[in-house]
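Could you build the full structure based on these sequences and the hints that come with them?
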Amino acid sequence: MEYSIGNIAPIFLCPFFAFVINAFFGKKLPRQGDWLAVLAIFISFIFSLRIFLDFAGSTFATDYYIHKVFNWFDLSAGGQTFKVDMGIYIDNMGAIMLLMVTGVATLIHLFSTWYMHDDPRYGRFFVYVSLFTSAMLGLVLSDNLLSVFIFWELMGFCSYSLIGFYYEKEKAGDASLKAFMTTRVGDVFFLLGIVAIWQLVGSVNFVDIYAAIAEGKFVGQQVLGISLATFAGFCVFMGTIGKSAQFPLQVWLPDAMMGPTPCSALIHAATMVAAGVYLSLRTYPLMVAGELTQFIALIGAITAFGAATIALVQTDLKAVLAFSTISQLGYMVMGVGVGSYNAAFMHLITHAVFKACLFLSAGSIIHSVHEQEMPKLGGLRKKLPYTFIAMMCCTLAIAGVPFFAGFVSKDRILGDALFWGVFAGQSKIWAIVPILGFAGAFLTAFYMFRMMFLTFFGKPRDHHIYDHCHEEHISFNSNVPLLILTVFTLGFWYCGTLTGQSFGKVFGSKTEWFKILVEAPRVERFVGRTREPFSAVDTRVKAELPKAVYEHQTGYVGPAAGDEHGIHKAHLIGAIASIFIAFGGIFLAFLMYIKGSVKPLADTFSGWTTALKNRYYFDDFYVGVVIQKGMIPFNRFLAWFDMGVYDRFAIDGWAKVNRVAFRASRWFDDVVVDAIGVDGTGVAVNLFNLVLRIVQSGKIQFYFVVLILTLASYIWTINL
Amino acid sequence: MISLASYLVISMILFVVGLMVMIARKNIVAILLGIELVLNAAALNFVAYSKFVTNNLDGHIFALFIIVVAAAEAAVGLAIVIRFFQLKETIHIDEATQLRN
Amino acid sequence: MFLNTLFVMSALLTVVCAVLVLTTKNIMHSCVFLLGSLIGIAGLYATLGADFVAVTQVMVYVGGVVILMLFAVMLTGGKDFISKAQNLMGLAPTMGNTWTYAVAGLVGLVFLLTNIQLLSRLGTMSKLKNDGAFESTVNKIGHLLVKDHVLSFEISSVLLLGALVGAAIIARPRKQ
Amino acid sequence: MNGLLSMILWAPILGMLAVLVIPKGNDNATRWTALVSTAITFALTLVLYANFDQSIPGVQLTETLPWISQFHIFYKLGIDGISLPMTLLNGLLFFLCIMSSWTVEKNLKGYFALLLMLQSTVFGVFFSLDFFLFYVYWEVMLIPMFFLIGVWGGENREYAAVKFFLYTFFGSIVMLVGIIALYYATGKGVDSFDIIAMHGGKFTDMTVHIFGTDFSFERLFFWTMFLGFAIKVPVFPFHTWLPHAHVQAPTAVSVILAGVLLKMGTYGFLRFSFPIFPAASVEYSTIIGVLGLISVIYGALCAMAQDDIKKLIAYSSVSHMGFVMMGMAAMNTQGMNGAVLQMFNHGTSTAMMFLLIGVLYERSHHRWIVRPDGTKGFGGLYTQMPKYSIIFIIGMFASMGLPGLSGFISEALIFLGIYPKFTTMTVLALIGLLLGAAYLLWAFKRMFFGEVNDEVKEYDDMNLREVAYMVPLCICVVVFGIFPSPILNIMKASVGQLVDLLSKY
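Sequence order for the protein chains is R, V, A and B. Our numbering applies: residue 1 is where the first sequence begins, and numbers increase by one. Our numbering applies: residue 1 is where the second sequence begins, and numbers increase by one. Our numbering applies: residue 1 is where the third sequence begins, and numbers increase by one. Our numbering applies: residue 1 is where the fourth sequence begins, and numbers increase by one.
Just so you know, the hints here were simulated from the structure itself, not pulled from any lab data. No experiment lies behind these values; they were computed from the predicted model shown. Ideal Cβ positions, reconstructed from N, Cα and C, are used throughout, including at glycine. One thing to keep in mind: the hints can contain errors.
[What the hints assert, rightly or not] Here are the computed lysine-lysine pairs in the BS3-like style, where the Cα-Cα straight-line distance is at most 27 Å:
(1) B:504 <-> R:83
(2) B:376 <-> R:169
(3) B:421 <-> R:217
(4) B:387 <-> R:169
(5) B:376 <-> R:629
(6) B:457 <-> R:169
(7) V:88 <-> A:25
(8) R:171 <-> B:376
(9) R:83 <-> B:421
(10) B:387 <-> R:28
[Claimed, not checked] If you want the footprint, here are the derived chain A segments under chain V, 3+ residues with CB under 8 Å:
(11) 6-20
(12) 38-51
(13) 67-76
(14) 103-109
(15) 149-162
Take a look at the structure:
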C-alpha cells in the first residue's frame with residue numbers, strides 16, 4: 001500500500017471539516033448536520049482500517065514506521081537557526097490506536113444520534129464531538145511531542161465544553177472548570193518537559209528523542225540538580241497523570257460525568273483519558289532512561305486500588321463507571337511502570353472497547369428510565385434485554401473472567417507486575433505493586449457485579465420508574481452499536497487464542513499478532529534515520545520482506561532474553577490467581593446482593609465508608625483547603641496590597657510628597673524669593689493646613705505617639 | 001550619694017509615666033493629669049541642672065514659669081473639658097474630633 | 001543624713017504616686033495620687049535647696065491646680081463616671097483599655113530606652129558640690145524676676161490674666 | 001512606493017480635520033467620516049505590508065526631510081520587521097474601535113477627533129527613526145489619551161487620567177535625559193538624534209563623569225531608558241496605573257491602551273534599549289527577566305482576586321506583558337520572536353476581551369462578576385447570549401494560550417527561549433500559565449454558567465455591528481494560531497539581526 005498524503009490526511013481532516021461545516025452551517029443542514037459528523041468519522045474509520053490491515057496483515061516487522069515531516073514555521077535569520085517541524089508518525093501501535101479510536105468513535109456517534117435526539121443543543125454536541133475526534137486522531141498521528149501537546153490541549157478544551165454542555169446547571173460549570181484546571185496542572189508540567197527535551201535534542205520528534213537516548217545524549221545532563229532524563233520524563237509523565245486521572249490528580253474524572261453520556265463514553269472512558277497512557281507508552285524509553293519506572297508503577301498501583309475502593313460505595317451508575325475507569329487506567333499505568341509495554345497497550349484497547357460499551361449501556365438505561373441512582377433501579381433485565389447482554393459481557397470482561405478481553409490484558413499486566421515485584425530480584429518492597437493490583441482486581445469484580453445485580457437483577461425497587469421504562473427494540477442507532485462493541489469484548493480477537501494461553505488457537509499462524517506487533521521501541525534502531533518530506537510517497541516495500549530477511553538486513557535482534565523461567569512462572573501464578581480472584585469477587589457480590597446471605601460491610605467499617613464516600617477527601621482538600629483557604633485569601637490579600645497599600649502609599653504617597661514639595665517650593669517662591677508678595681502668608685497657611693491635613697487623624701493621642709516616636713528617633717539618630 | 005543622675009532618673013520615670021497616662025487614658029481629665037506629670041518632670045530637671053551644672057538660679061526661674069504656665073493651662077483646659085462635657089455628655093477623648101477636616 | 005532621707009522619701013512618694021496615677025481605676029483617685037506625686041516633687045525641690053520653688057509648687061499645684069481638677073472631675077462625672085460598664089482591664093470605658101495600654105507601654109519603653117541612652121552619656125558631667133551651707137533663694141529670685149527676667153514675668157502675668165478670662169468665658173454656660 | 005509611511009501617518013490627521021469640520025449635530029456623518037478615515041488607514045497599512053520586503057533585516061521605506069536643521073533634527077521615518085506587525089495591529093484596532101464606538105453619545109465630535117489624533121501619534125511612535133521626533137510623538141500621544149480617559153471615562157475618571165498622565169510623563173522625562181545624553185554622544189562631533197546611527201553598541205566603552213565619579217555611559221543611560229519603557233509596558237513595580245486607567249477608560253480606549261499602547265514599551269526595548277546599549281542589555285537581562293516573571297505571576301494572582309471583569313483583564317495584561325519581557329530577556333531567536341509575536345497576539349486577544357466587555361457593559365452598565373454585596377453580577381449569560389458566549393470563549397482561550405489559537409505559539413516560543421537561559425524562571429513562569437487559565441475560566445464560570453438572572457434576561461445577544469467588529473479579531477486569533485508564518489516571516493529577519501548583535505556581547 002502506498003502511504004501518500006491522500007491516504008493518511010483524511011483520517012484527521014474528515015472530522016475536522018465536519019466540525020468546521022457544522023460549526024458554521026450546522027443549523028441550516030437537515031438533522032442539524034449529524035449525518036455529516038457520522039459520515040466523516042466513518043470515512044476516517046475506513047482509511048484507518050486500510051492502514052491497520054496493511055500494518056497487521058503484512059509480514060511482521062515490529063519497528064517499521066511511516067514518518068513524514070513538513071516545516072511549520074522557520075525562524076532562521078541572520079546567524080540564527082530555529083525551525084519547528086510537524087509531521088505524521090504511524091507505527092504498529094499507532095495503526096491499532098487509529099483503528100480503535102475511529103471504530104469506537106463511529107459507534108458512539110451513531111449512538112449519540114439516538115441518545116441526544118431530544119436535546120435542544122443536538123447540533124452543537126456533534127460540533128464538539130467532531131472537533132474532539134479530529135484532535136484525538138491528530139494526537140495519534142503526531143510525530144512529535146509539541147503537536148501531541150497541541151491536540152492534547154484541544155481535547156482538553158472539548159472535554160471542558162462537553163462537561164459544561166448543560167450550562168444551565170451551576171454544577172456543570174464547577175465540574176468543567178475542575179476538569180480543565182486539574183488536567184492543566186499536568187499539562188503545564190508536560191510543556192515544561194517538552195521545553196527541556198527541546199533544549200537538549202533540538203526538536204521533540206519521537207524519532208529524534210529515541211535516537212538521542214540511544215546516543216547517550218541524556219547521560220550526565222543535569223537540570224536544577226537532577227538528571228535531565230528524570231526531570232523531563234517526570235514532567236511528561238505528569239501530563240499523563242493529569243489526563244489519565246492518576247493519583248493525585250484523579251479528582252476531575254468523576255465530576256466529568258456531568259457531561260452527556262456519549263461524551264463520557266468517548267472522551268472520559270475510551271479515548272482522551274487513554275491518550276495519557278498512550279503518551280507514556282510513546283515516551284517509554286525516556287521513562288526508562290530517567291529511571292522512573294518504579295515511580296510510575298507505584299502511581300498506577302495506588303490509583304488502581306484506591307479508585308476501586310471508592311467505586312465500592314458509589315450509588316450513581318455513572319460514578320461507578322467513572323471510578324472503574326480511573327482504576328483501569330491505573331492498571332495501564334502500572335503496566336507501563338512494570339515494563340509490561342505490550343499488555344498495557346492491549347489493556348488500553350480492550351478497556352476502550354468494553355468501557356465505551358459500558359458507558360453506552362449506562363446511557364441506554366438512563367435514557368430509558370431517566371434515573372441513574374442504582375438503589376432506585378433493579379430488575380431491568382426483562383425490560384432492556386439487549387442492553388443487559390451488552391453490559392453483562394462488558395462486566396465479565398472488566399472483571400477478568402476468562403475468554404473475555406479484560407482477562408487477557410489485565411492478567412498479563414498482573415503477571416508482569418508479579419514478576420517485576422517479586423521475581424525480578426529488586427527490593428521486596430516493590431511487591432506492594434502486584435499486591436495492590438490483585439486486590440484491586442478482586443474489588444473490580446465485586447463492584448462491577450454489585451452494579452449489575454443492583455441494576456438488572458432482583459425486584460424493581462421503584463415501580464414508578466420501572467413501569468415507565470420502555471421495552472427495548474433492536475434499532476440501528478440505539479443498541480446495535482452496543483452489540484457490535486460487545487462482540488469485541490471477547491478475548492480471542494486480541495490474543496488469537498480463546499484463553500489467552502497457548503491452547504485453543506483461532507487465527508492460525510497469526511496467533512498473538514498483538515504481542516508481536518507492539519513492543520517497546522528499541523531506541524538504538526532510530527539512530528541516523530533521515531526524515532522524509534511530507535509529499536513523498538511511501539510504500540511498505542521494506543516491510544514486505546520476509547521477516548527473517550528483514551531482520552537480517554536491519555540487524556534485528558529479538559527481545560532481550562530475560563529470565564524466561566521466572567516470567568513463565570509469574571504468569572502462571574498470576575493467571576491462576578486472577579481467575580480465582582475474579583470469581584471470588586463475583587461470588588461475594590452474589591452473596592451480598594442476590595442471596596442477601598452476607599450483609600454489606602458498610603456499617604462494619606463506617607469510618608472507612610465515610611472516607612470512601614468523600615473520595616478520601618481529595619476534593620475537600622483541593623477545593624476546600626488549597627483553593628478556598630489558600631489561594632483565594634492569598635490572592636485577595638495580594639490584590640488588596642497592590643491597590644490598597646502599594647498603589648495608595650508608594651505611588652500616590654509619592655505623589656503627595658511631590659505635591660507638598662511643589663507647594664513648598666511655591667511657598668518659597670512666593671514668600672522668600674518674592675518677598676513683596678502680600679499673599680505669601682496665605683500660601684504658608686495653606687501649606688501648613690496641607691501638612692496638617694495629611695497627618696491629622698483627629699485623635700490627639702495619636703499625635704502624642706507620633707510626636708514622641710519622632711522625638712525618640714531624632715534623638716537616636718543624632719546620638720548614635 | 002545624691003547626684004545629678006538620681007534626679008534625672010526620677011524625672012525620667014515621671015516623664016515616661018506621664019506620657020503613658022497621656023496615651024493610655026481616654027479621659028480628658030486624666031490626660032491633663034498626665035500633662036501635669038510631664039511638666040513637673042521637666043521642671044524638676046531644670047532645678048536639678050541649676051543646682052549641679054550652672055550653679056545659678058535661672059533654673060528656678062524657669063521652674064516657676066512652668067508652674068505658672070501649668071496653672072494657666074489647667075484652668076483653660078478644664079474649662080474646655082467642662083464645656084465639652086456640656087456639649088457631648090461625655091469626656092471621652094475620641095469624641096473630640098470636630099476640628100478634623 | 002536628713003537630706004538623704006528626705007530625698008529617698010520624696011523620690012519614692014513621687015514615683016509611686018505617679019505610677020498609681022497611671023494604674024488606678026478611678027479618676028478621682030488618680031487626682032489624689034497626682035497630689036501625692038506633686039508633693040513629692042516639692043520635697044525633691046527642697047533637697048535641691050530650692051525653697052521658693054518648693055513652696056510655690058505646694059501652693060499653686062496642691063492648693064490650686066489639683067483642687068481645680070477635682071472640681072472638674074466632679075462636674076463631668078456624667079455617664080462615663082457613673083457607668084458600671086467595665087472593659088477587659090476592669091476599668092471604666094474612659095480609663096483606657098488593653099490596646100491603649102499596650103501602645104502606651106511600647107511608646108513609654110521606647111522613650112525610656114532613649115532616655116537611658118542619653119543618661120548613659122552623662123558620665124562624669126558633674127558631682128554635687130555640696131558645700132553644706134544652705135541659704136534662702138527667695139531674695140535672689142525676687143531680684144532676678146524684676147531685673148533679668150522682667151519681660152518673661154510680665155508676659156506670664158498677661159498669660160495668667162488671659163487664661164483666667166478665657167477660662168471664665170469658655171466655661172460659662174451659653175444661653176440657647 | 002515612496003511616501004507611504006507619511007501617508008499612513010497623516011491620513012488620520014486629515015480624518016480628524018474632516019471630523020472637526022462637520023457641523024455639530026450630524027452624528028452619523030461624524031461616525032462615518034471617522035470610520036472611512038480609519039478604513040483608509042487600515043487599507044494603507046495593508047498596502048505597506050504588500051510593499052514590505054521581508055528579506056531585508058534593517059529599516060526600509062525610509063523617508064528623510066530636514067526639520068530643525070540647526071540641531072540636526074530630521075523628520076525621518078522608516079519601518080522594519082518589528083514595527084510592521086505593530087503598525088498592522090494599530091491600523092486594524094482603530095478601525096474596529098471606531099465601529100465599537102458607534103454608541104458613544106457624549107460630545108461625539110471631540111471623541112472621534114481625539115481617537116484619530118491618537119492613531120496618528122501611535123503610528124508616529126512606531127515609524128520614527130529620529131529620537132527627537134519619536135519623543136515628540138511619545139509625549140503628544142499622552143494628550144488625546146488624557147482627554148479620552150478624563151472626559152469619556154467612568155466615575156473616577158479624573159483620578160485615573162491624571163495618574164496615567166503623570167506616571168507615564170514621569171517615565172518619559174527620565175527617558176529624555178537619556179535621549180539628550182545620546183544626542184551629545186552620537187557620532188562624536190556630529191550631534192544627531194538618528195536612531196539607526198546609534199545602533200550597534202557604539203557606546204560600550206564610553207564613560208560619563210557625574211558627581212565626581214566615572215559611570216559607564218551604557219549602564220547609566222540604559223536605566224534611564226528602562227524606566228521610561230518599563231512604565232509604559234508596564235512591568236511589575238510600575239504597573240499600578242494600568243488597572244485604574246483600564247477600568248475608567250471607555251471601551252475603545254481600553255482596547256487601544258491594551259492593544260497598542262502597552263506594546264510601545266516593549267517596542268521601545270527592542271528598538272532603542274537593546275540595539276543602542278547591547279552590552280548593558282545583556283548584562284541586565286536577568287533583571288528584565290525577573291521583573292517579567294514577577295509581572296507574570298503577580299499579575300495573574302491579582303487578577304484572580306478581582307471582582308470587576310475589566311480589572312481582571314487589566315491585570316491579565318500585566319501578566320501577559322510579563323511574558324513579553326521574559327521573551328526579550330532570553331535574547332535568542334525563539335525568545336525574541338516569541339516576544340514580538342506575543343505583542344501582536346496579545347494585541348488581538350486582549351482587544352477582543354475588552355471589546356466583549358464593552359458589549360456587555362452597554363447592556364448591563366456594570367461589570368461586577370460578584371457584586372460587593374456578594375451576589376452574582378451576571379449569571380447564565382451562556383443561555384441568554386449564545387453568540388456572545390462563543391466569541392467570548394474564543395477570546396478567552398486565545399488569551400490563556402490554548403493551542404490552536406494564537407496565544408499558544410508565542411508563549412511556547414517564549415518558554416523555549418527562556419529555558420536555556422533561566423531554567424528556574426521557566427518553571428516559575430509556567431505557574432503563571434496555569435494561573436492564567438484559572439482566573440479566566442473561573443470568571444467565565446461565574447458569569448456564564450448557571451440559571452439566568454432576572455436582570456440578564458433583558459440583555460439582547462450581539463447585533464450585526466457588534467459581530468462585525470469581532471469577526472476580524474476572531475479570524476486573526478484562529479488563523480495565526482494555526483499558521484503563524486505570515487507574522488513570523490515579517491519579523492524574523494529584523495529579530496535575527498538584533499539577536500546576532502546581542503549574541504556578540
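**Asked** Three or more residues of the stretch 149-162 of chain A near chain V by CB distance under 8 Å?
**Response** Answer holds; 6 residues pass the 8 Å Cβ test.
**Request:** Given that the stretch 38-51 of chain A was listed as covered by chain V, double-check it with a C-beta distance under 8 Å for 3 or more residues.
**Result:** holds (count 8)
**Prompt:** Is residue 376 of chain B within 27 Å of residue 169 of chain R, Cα to Cα?
**Reply:** Holds, at roughly 15 Å.
**Whether chain V covers the stretch 67-76 of chain A (at least 3 residues having a Cβ closer than 8 Å to its Cβ atoms)** = This one holds; 7 residues, not fewer than the three required, reach chain V with a Cβ under 8 Å.
**Message:** Holds or violated: residue 88 of chain V and residue 25 of chain A, Cα atoms, limit 27 Å.
**Reply:** Since the Cα atoms of residue 88 of chain V and residue 25 of chain A sit roughly 23 Å apart, the hinted pair holds (cutoff 27 Å).
**Prompt:** Does the alpha-carbon distance linking residue 376 of chain B and residue 629 of chain R stay inside the 27 Å limit?
**Reply:** Distance ~21 Å between residue 376 of chain B and residue 629 of chain R Cα, so the pair holds.
**Prompt:** the stretch 103-109 of chain A covered by chain V? Criterion: 3 or more residues, Cβ-Cβ distance below 8 Å.
**Reply:** holds (count 5)
**Message:** Count the residues of the stretch 6-20 of chain A whose Cβ falls closer than 8 Å to any Cβ of chain V, and tell me whether that reaches three.
**Reply:** Check passed, 6 qualifying residues.
**Message:** Does residue 169 of chain R sit within 27 Å of residue 387 of chain B, going by the straight-line distance between their CA atoms?
**Reply:** holds, 19 Å
**Prompt:** Given the hinted pair residue 421 of chain B and residue 217 of chain R, is their alpha-carbon gap at most 27 Å?
**Reply:** holds, 19 Å
**Message:** Against the 27 Å threshold, does the CA-CA distance of residue 457 of chain B and residue 169 of chain R hold or violate the hint?
**Reply:** holds, 16 Å
**Prompt:** Between residue 171 of chain R and residue 376 of chain B, does the CA-CA distance stay at or below 27 Å?
**Reply:** Satisfied, since the Cα-Cα distance of roughly 15 Å is no more than 27 Å.
Of the numbered hints stated above, none is contradicted by the structure.
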